[in-house]
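Residue numbers (my numbering), protein chains in the order written: chain A, 1 to 255; chain B, 1 to 237; chain C, 1 to 411.
Any given hint could turn out to be false.
Keeping only pairs whose Cα atoms sit at most 25 Å apart, straight-line, the calculated DSS-like set for lysine-lysine is [claimed, not checked]: (1) C/Lys149 / C/Lys166; (2) A/Lys253 / B/Lys55; (3) C/Lys79 / C/Lys32; (4) A/Lys41 / C/Lys389.
Which stretches of chain C does chain A cover? Using the computed rule of at least three CB atoms under 8 Å from a CB of chain A, they are [claimed, not checked]: (5) 136 to 144; (6) 390 to 401.
Estimated spans, in silico, between C-beta atoms of each pair [to be verified]: (7) B/Lys55 / A/Ala240: 44 to 50 Å; (8) A/Arg252 / B/Gln70: 46 to 52 Å; (9) A/Thr224 / C/Ser408: 40 to 46 Å; (10) B/Gln80 / A/Phe191: 42 to 48 Å; (11) A/Trp244 / C/His407: 38 to 44 Å; (12) B/Leu52 / A/Tyr179: 31 to 37 Å; (13) A/Ala240 / B/Gln80: 51 to 57 Å; (14) A/Pro115 / C/His407: 34 to 40 Å; (15) A/Phe171 / B/Gln80: 32 to 38 Å; (16) C/Leu409 / A/Ile13: 33 to 39 Å; (17) C/Asn57 / A/Leu35: 42 to 48 Å; (18) A/Arg252 / B/Asn18: 20 to 26 Å; (19) A/Ile13 / C/Ile351: 50 to 56 Å.
For the record, the hints were derived by calculation from the structure and aren't laboratory data. Backbone N, C-alpha and C fix where the C-beta goes; we use that ideal spot for every residue, glycine too.
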Amino acid sequence: MNRITKFVVINIIRNRIVLIYTILLALLSWSVFSLEDNSSKGMLTLLNVILLNVPLVSIMFSTIYIYNSSEFIELLLSQPIQRWRIWLSLFSGLAISLTIAFLVGAGIPILVYSPDKLGFMMVSVGILVSVVFVAISMFASILTRDKAKGIGISIMTWLFFALLFDGIILFLMFQFSDYPIEKLMVGVTAFNPIDLSRILILLHLDVSAMMGYTGAIFKDFFGTDLGLILTFLLLILWIAIPFWISLIKFNRKDL
Amino acid sequence: MIEINNLYKRFGRLQVLNDINLSFKKGECIALIGPNGCGKTTLIKIILGMVLPDKGEVLFDGHNISRGYQYREQIGYMPQIGRYPDNMSIGQIIAMMKEIRQSKLALDEELMHAFRLDELSEKKMRTLSGGTTQKVSAVLAFLFNPDVLILDEPTAGLDPLASEILKEKIIKEKEKGKIILITSHLLSELDDLVTSIIFMQDGNIEFFKTVEELVNETKEVKISKSIAQILKKQHHE
Amino acid sequence: MRLISIFFLSLAFPLLLISRTISVGESKLFSKLQLAFDAANDGDSIIVFGGFYVEGNLILKKSVHLIGKNLPVVDGQKKYEILSVKANHVIIEGFRFQNSGFSSMTDPGAIKVYNSKFVTVRNNVLDDNFFGVYLQYCKNCVIENNTIKAYGIEEQQIGNGIHCWKSDSLYISGNTISGHRDGIYFEFVTNSLIEKNNSDSNIRYGLHFMFSNNDDYIENTFRNNGAGVAVMFTKHVKMINNIFEENWGDAAYGLLLKDISDSFITGNSFNNNTSGIYMEGVNRAIVENNSFASNGWGMKIQANCMDNTITSNNFINNTFDISTNGTLVLNTFSGNYWDKYEGYDLNRDNIGDVPYHPLSIFSVIVENNPPAMLLFRSFMVTLLDRSEKMIPSITPDNFVDNSPLMHSLSL
C-alpha cells in the first residue's frame, strides 16, 4: 500500500464516526438476520438499509473528510509528491476504510447467514456502492472550495440517486406507458448506481418472480453472467469517471 | 537558483500577481513584505507548485517547476497556519513526513530538540496550542536540510523565546548558503536576518533591494524605518 | 362422502356371491394378464402375483376385481397404452404401471377408462407414464391412494396425472401426483369430490379445473406447481381447507379463479405464492377464514369481479395484501386481520377503530403500469406508500375494511 494511503486509512479507521458506522451496520445486519425467518427475507430488508445508508454515509463522510483534509493536502503538496498521487491516495484511503467498515459491519453477517453466490454478490455490491459514493464525493468536493456548499452538493447528489431519480423514472413510465419502454429502462437504470445495485440483487432473489414481464426482460439482461459482469463494469465506471474528472480538476486546482 | 519570469495570476476579477520577475541566489535571505492581500502567499504557493500561474514560469535550478515535483525535495516550507490531521500525534506526523520524503541525507533535528518537541511526541495535534503547532511546522520545514527555506509568517504565534530560537536557526542556515524566503508583517523582526527586501503591493513588486542599498538610500539603521521612509517618499511623488 | 363408498360396496356385494378367483403369475394357471382377462367372467377376481408383465396394450372388458400381490409390474415399453378399461364395476389395485406410450395424438395412459361406471383404481403406483389415470365419459368412479409420478420437463411432452373428461360423480382421494403436466385435470366433470390429494411439482397446474360445476375439493395440498391451481368457467365450486403453497414464478398463482360464480372458498392456506388468489370475472364468491401468508400478492382482484365477500381472513407478511386494476370496488371486505394495520382499538373489542385501506399505492401503480415494478423496494416507493397511508389520494376510497381485526384469527 502506498505510504500516504496507509496514513489516510489509519487516520480514518481511528475516526469515531467510522467506528459508529461500522457498529450500526453490524447491529442492523445481525438483528435483521436474526429477526427474519429466512435469509432471503433478511437479505431483502438489508438491501434497503444498505442502499439507503451506505451511499449516504459514504458520500457525507468522504466529503467532510476531504474538506477537513485541505490542510493536510496542502502539507503534502509542499512535499516532493505528484499531485495525482496525493488525490489518488486520499481516494484509496477513503475507499479502503469504508470498505473495511462495510465488510466488518455488514459483510460478516451476510456471509455468515448466506454464504452463497447471492451473499457474495451483496457484499460486492455494498463495497462497490461505498466506493462509487466516495468517488462521487471527491467529484463534489472539488467543485467548490466552500465546505457548506460541498456538503450541500453531496446531500443533493445522494437525494437525487436515492429518491428523485426513481421519481423521474416513475414519471417517465406513466408518460410513455403506451410504448414498450422496458428495454429502454434497462439502459436508464445504468445512470443510477443505486438502482443498478438494487435491481441486480432483486433479480437474484426469488422476489424477482413478482416483477413479471418487466422482470423477465431485466432477467435476460441482469440475470445472465454477461449482465452480471456488465453491471459490475458499469459500477466500476461509476467509480472511474467521477474520480477521473475530479483528478483532472485537482491537478489544475489552486490550493 | 530560483528565477521567476513574467508571472501572472488572477483569482476571479482580482489580479493577484502582475508580471512578477524575480531571481534568488544562494546565501540570500529575502524578506517578502507588503500589506495583506498583496500577493505574497500566492507567490510562495506558486513557487511550491500549490497554485498554478496563468502565465509565466518559475525556474528552479534552471528547470521549469511545472514539469516536475522532485525539486520540492530541496524546499522546506513553513505555512502561515499549519494544520494537521487532528488525531495524529506529533511523533506520527514527523514519522509520516520522514516516510514520505525517504531522505537519505542526515536529518536536521536541532530545532526539535531546541523546542523540546521530542518530549511531546505522544501529543495529538488537536490538543496543541497554535504556538506549538507552529513549532511543529518549523521543525518540519528544517528537518530535511533543504537548500531553500520558505517561511510564511514564521514567528507569528510563537512565544518570544521560541521566536528567538527560530531566528537563530534561520541565521545559521543562511550562513550555510541557503536561500531563505520569509514573509512577515513584523518588520522589526527582520533586522538581523535578511539580506534583501521585496516590497509587494497590489500584485506588483514595488522594490527589490538589498539591505545595504536600503540603508544607504535612507540613512536609517532600522529596516522598518527605512521602508516607512521609502513608502512615504513614493506616496509624495 | 363415505356414503358414496358404502353405496359402491353394496352394489358390488351381490356379484361376490357367484365369483371365481383366477390367479396370474409364474407357474400359475395364467402367465399372461390378457389371457386371464379373456377367460374371466363378470364378477371374478383376478389375483396377479409379483412379476414383470409386458404385454403391449391390455384391454379389459369384464367387470372384474384385479388384485396385484407384491406389486406386479405392468410395463408399456414406452409404446402402448398399458390398460384400457371398457367395462363397469372394475376394481384395480396393488399394481405398478410403468412406461406407457408417449403420444399427444392418442393420449395413451397407464390406465384409461372408457365410458364406464363404478370403476375403482386404488393403491397403485404409476411411474413414468404419459397420462396416469384417464377417465372419459365415466360415472361413479373412484381413484384412491395411488402414487402417480412422471418426469416431465416440457408441457407439451407429458400428460396429466389424473385426467377426467365429461364425467360425473367421481371420487378422487388420497393420491400423490407429481411431475405431470397438470396434477389433476377436470373438464366437464360434475358432482365430484376431490379430497386429500397431494399434487406437487407438476409442470403446469396442480389442479386444472374447467366447465366443471358443483364440485368440491377439500383438504388437498398443492405445492410448487409451475402455475399453481386454475379453476375456470365454473359454478358452485367449494374449496375447503386446502393448502396452496410455494407456487412461485413469473406467472404462478396459488389459486387462479377465472369466470367463476357462486363459489365458496374457506379454510384454505396460501403460503409463499407469487399471488395467493388471482380473481378475474369472479362473482358472488365467499372468501372466508383463509390464511394468506408470505405471498407476493395476497389477493389480486381484477375490477371485473363483483359481489365477492372477503371476510375473516388473515393477511400476514405478504408483500402486497391486495391489488386491483381499477377504481371500481364492488366487493366487500370485513373483519379481516391485516398485519400491516397500524390503527388502535380503544374499546378493546378486537376490532380496530380506524378503517383499514389494504390497497397500497405502489400495488395500484404496478397494476396499471407493470414496468413500475422496477422500482420495487426503492426508497421512493417506501415514502410514497407511507404518505398515501396517511392521506389517501389515488387509491379508491371505498376499498376498505371497516372492521379490521387487531389480532390474527387462529385458523
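Results for each hint:
The straight-line distance between the Cα atoms of C/Lys149 and C/Lys166 is roughly 24 Å, inside the 25 Å bound, and the hint therefore holds. For the suggested pair A/Lys253 and B/Lys55, the alpha carbons sit about 15 Å apart, so the restraint of at most 25 Å is met. Only pairs whose Cα atoms come within 25 Å are accepted, and C/Lys79 paired with C/Lys32 is accepted, the gap being roughly 18 Å. Taken as a hint, the A/Lys41 and C/Lys389 pair is honoured in the structure, with Cα atoms around 23 Å apart against an allowance of 25 Å.
Check result for the segment 136 to 144 of chain C against chain A: violated, 0 residues qualifying (beta carbon to beta carbon below 8 Å, three or more required). Only when three residues or more bring their CB closer than 8 Å to a CB of chain A does the claim for the segment 390 to 401 of chain C stand; here the count is 0, and the claim is violated. For the pair B/Lys55 and A/Ala240, the beta carbons lie near 33 Å from each other, so the given range of 44 to 50 Å is not met. Judged by the Cβ atoms, the range 46 to 52 Å given for A/Arg252 and B/Gln70 is violated: they are separated by roughly 20 Å.
Remark: the range hint 40 to 46 Å for A/Thr224 to C/Ser408 is upheld by a beta-carbon distance near 41 Å. Checked against the given bound of 42 to 48 Å, the beta carbons of B/Gln80 and A/Phe191, roughly 44 Å apart, stay inside it. Taking the beta carbon of each, A/Trp244 and C/His407 are about 58 Å apart, not inside 38 to 44 Å as hinted. Look at B/Leu52 against A/Tyr179: about 50 Å separates their beta carbons, and that is not inside 31 to 37 Å.
Range check, A/Ala240 to B/Gln80: Cβ separation about 37 Å, and the 51 to 57 Å hint is violated. The supplied range of 34 to 40 Å is met by A/Pro115 and C/His407, whose beta-carbon atoms lie about 38 Å from each other. Checking the proposed 32 to 38 Å range against A/Phe171 and B/Gln80 shows it is violated: the Cβ atoms sit about 52 Å from each other. For the pair C/Leu409 and A/Ile13, the beta carbons lie near 53 Å from each other, so the given range of 33 to 39 Å is not met.
A beta carbon spacing of about 60 Å between C/Asn57 and A/Leu35 contradicts the range 42 to 48 Å that was offered as a hint. Checked against the hint of 20 to 26 Å, the C-beta distance between A/Arg252 and B/Asn18 comes to roughly 21 Å, which is consistent with it. Under the hint 50 to 56 Å, the C-beta atoms of A/Ile13 and C/Ile351, about 55 Å apart, fit the expected range.
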